[in-house]
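S.K.: So you can see what is in the structure, the chains are spelled out below.
2 protein chains.
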Amino acid sequence: MTDTTTVVSEVAAHAAAAARPFAATSPSARGAALVAVADALDAHAAELITVAMRETGLSEPRLTGELKRTSWQLRLFADAIVDGSYLDARIDAADPAYVIGPRPDLRRVLEPVGPVLNFAASNFPFAFSVAGGDTAAALAAGCPVVVKAHSGHPELSRRTAEIVAGALDAAGMPAGVFQLIEGQQNGVELLQDERIRAGAFTGSTHVGRLLADIAAARPRPIPFYGELGSVNPVYATYADAGLLQDFVASMSGSAGQLCTKPGFLFVPADADLSPIATAAEAVAEHRLLNPGIGRAFEGRRAAVLGAEGATVLAEGALREDEDGQRYATPTVVAVDLQTLRAHREELLEESFGPLSVIVRYHDAAELPAAHEELFPGNLTSTVHARAAELADGSLHQLVGALAATSGRVLFGGWPTGVSVTPAMQHGGPYPATTTDATSVGTAGITRFLRGVAYQNAPQELLPASLRDDNPWGVPQSFSAAGSSTEWGSFAR
Amino acid sequence: MTDTTTVVSEVAAHAAAAARPFAATSPSARGAALVAVADALDAHAAELITVAMRETGLSEPRLTGELKRTSWQLRLFADAIVDGSYLDARIDAADPAYVIGPRPDLRRVLEPVGPVLNFAASNFPFAFSVAGGDTAAALAAGCPVVVKAHSGHPELSRRTAEIVAGALDAAGMPAGVFQLIEGQQNGVELLQDERIRAGAFTGSTHVGRLLADIAAARPRPIPFYGELGSVNPVYATYADAGLLQDFVASMSGSAGQLCTKPGFLFVPADADLSPIATAAEAVAEHRLLNPGIGRAFEGRRAAVLGAEGATVLAEGALREDEDGQRYATPTVVAVDLQTLRAHREELLEESFGPLSVIVRYHDAAELPAAHEELFPGNLTSTVHARAAELADGSLHQLVGALAATSGRVLFGGWPTGVSVTPAMQHGGPYPATTTDATSVGTAGITRFLRGVAYQNAPQELLPASLRDDNPWGVPQSFSAAGSSTEWGSFAR
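The listed protein sequences derive, respectively, from chains P and B. Under the UniProt record's numbering, the residues of the first sequence are numbered 1 to 492, in order. Under the UniProt record's numbering, the residues of the second sequence are numbered 1 to 492, in order.
For reference, chain P alone in the conformation it holds in the complex:
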């Protein structure tokens, strides 16, 4: 084995060498390659899920669903790129009569930014890991990908990477479009390499911010798309037994180790919260992902249980086995709004695991301002209200506050169980994400694209997407000569 720096430099060199040939592939060829990866993952499902169960402690049904989602999002991205609309191809005809002076022939298209370094997450060993959403988006955009494997599932990472690389190679994609590295130091060194042009990450606020700062401090900074932390407040105008049971199911699923776990539930002060204990006791213990996450959860749980003014609704249990793995059942405490404000240190931070806080409020009119004060950046916010309240305009202020601070606003339902679709937004104001970009759904492809304009270019030297003969048949938006004198005249 050569030294670390040599390995990192070779990986960067391979990715850089692949960048231009990969960028030149047609959307349909790249789409077919993504589908080939999806097929290969599906074909190896049994093997992969077995390894994942052992390495993460997640359940077979959960991992089966997650792998299906993972191969599905590759197909979704393939479908999203084939028509070429994501390229946003624009053609301005040369216009000697352009209002501010003769306009040349200008053509602009979104091109891949170059090699992307993707830091895998621990809690979704498929969907946010080696072949996950960031990888799918970057490959769809035409960027070579290097994944820094998460140490929580090394064997799964290696096997997944073999399958992905093999399928891309068999589909005729250039060598070097997909590589795996391991080790924190390698990840940091590669993030600082000039040849890496964007970073992506899913994980804790602490680590995500460290990496974002490294990306921003490079001699030539690069964009860093981190999905860091979110407590996903839920505002209920009523709280019956069904709602409280569903809440416990959502906050305890996958042992609460989801970035969309509802960490806070606001309920009227007079709500009967007795169904919480019953529901929580019915949840079986679940292993936390790894000893490090277990330790961190133990600390957070102790802080919350010890917060002055917190009423314990369900204490839950937490035990450690001989390997240092921890197993938990749900913990739920209740506070009033005043206590939450007074004990932000202990209560407001994200608890990654099966722990949530119920906040009793006396006056619903306080909620919009309280939300903006306490929760300035989240992946999601949720409203549970009766049909009449949804229709009568009384929630307008609250919904405005939620939309201003969240990537996704839900009405009814629970934020866990993120669908992968064209209209999904999984990213919001910091610290939900380091930028406001989405890391789930096809809109996330724009993270890995940049505009390039060609002025008076001969047809022979234009990208296919901008040529008059349009060989890929992509949508081209056209600004005709002579049209400029009309611009802005709608307002007259």
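Everything labelled a hint here was simulated from the structure, so no lab data went into it. Treat each hint with caution, since some may be false.
Unchecked claim - With a straight-line Cα cutoff of 20 Å, these simulated EDC-like cross-link-like pairs (lysine to aspartate or glutamate) come out: (1) P/K68 with B/E486; (2) B/K68 with P/E486; (3) B/K68 with B/D88; (4) P/K68 with P/E47.
In this text, all values refer to a predicted model and were calculated from it rather than measured experimentally.
Start from chain P and add chain B according to the hints.
M.R.: Just chain B, lined up with the frame of chain P:
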């Protein structure tokens, strides 16, 4: 006058208070307001140009053209937003049969990020200043704007701000949508204020990087769109007298104080460069924008003229008047590629003023690699070649290298004289811009937007752009129920 921090805090509070009402205005109302600003600027052209001439030393024809461009780009943005396509409204129908599990009704739209702080430039007192492109883009997006005036044209900044604010107010836009601040310290403090949600900047690499670092180091970082520095290399396969004369005209226009000035011209080693001196001598002296820029140019000029191996083709003149203003005529030196590589320190840095370097090359095959090595990030790169060369494929490698490192690639012509159009890209890899986003043309609006998704929202609480009755008549892209089973199947 209250103290600085109070002023900054009040400005931030006004901007924040305007954010939600402004975001709720319809694209056509906002477009009409932009047109009203354009009309008001045009109506005050004579007065504004007189002030600008005195404060910047730029010529009346140049400033007349620049003001026309400035009002024009407001009209262009107005026209670009009225149809609502920039909102990228997406609607996924609820789909119980969605392949990865039942899909809720999901609707996503781009919403304004919130208050934007825009640092004005010195060299375009209209087009990149108070009412310039960043202001137009942010207002078009629906974001309140605070402009930090450039100290080089304070009176013009104040008068322009009065006109802009008055027109927006008369058009019915909320109070606080447009404010001006002055002073470096105020700018830095406001950039650190929680209520500012994005920054924009046009200026030097040094100052731009300082501000970008401040934005990235905030407790909650924000995107910072800086347009910093560019040397805009030009690659010529031939160099006749006409080409060399046009080069001198481009590098000396506005005293070379343009971010798209061609700072380097590559020519075959045997080219006759004698027309350079003749053309340079015919250029009248031009004032530099202000004493600070004059001083910096004096230093850069001395470094370049003193670089070992540089042949002086036109020494130019530089004199200082009693007010510390400097006046220059063009300086052009020639080096070979080897000298350029050996003396990067002196030669490669941008010289903001009428100074450029001609690089003689012996082998055109060296150019792609040399370009990528020496010029990793530029606003523009240009090719001058004969028709046969443009058609025969011999430039393919070079154009690939230019596109990978530049925002705009020109064929013939000169990079100065940036048109404002839908397909313009004025932004490229660092240090051209801090991100790859464009600061000219309508594509720049995306800098000030972020995605928000609504899940199972009642019609009454959806933004107008996402409602079924679509009152603004915006394009809505629709994903129907039952369609998902087909996704990715094109590859079969």
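S.K.: What hints, given by number in increasing order, does this structure fail?
M.R.: When the structure is compared with the hints, only number 3 turns out to be violated.
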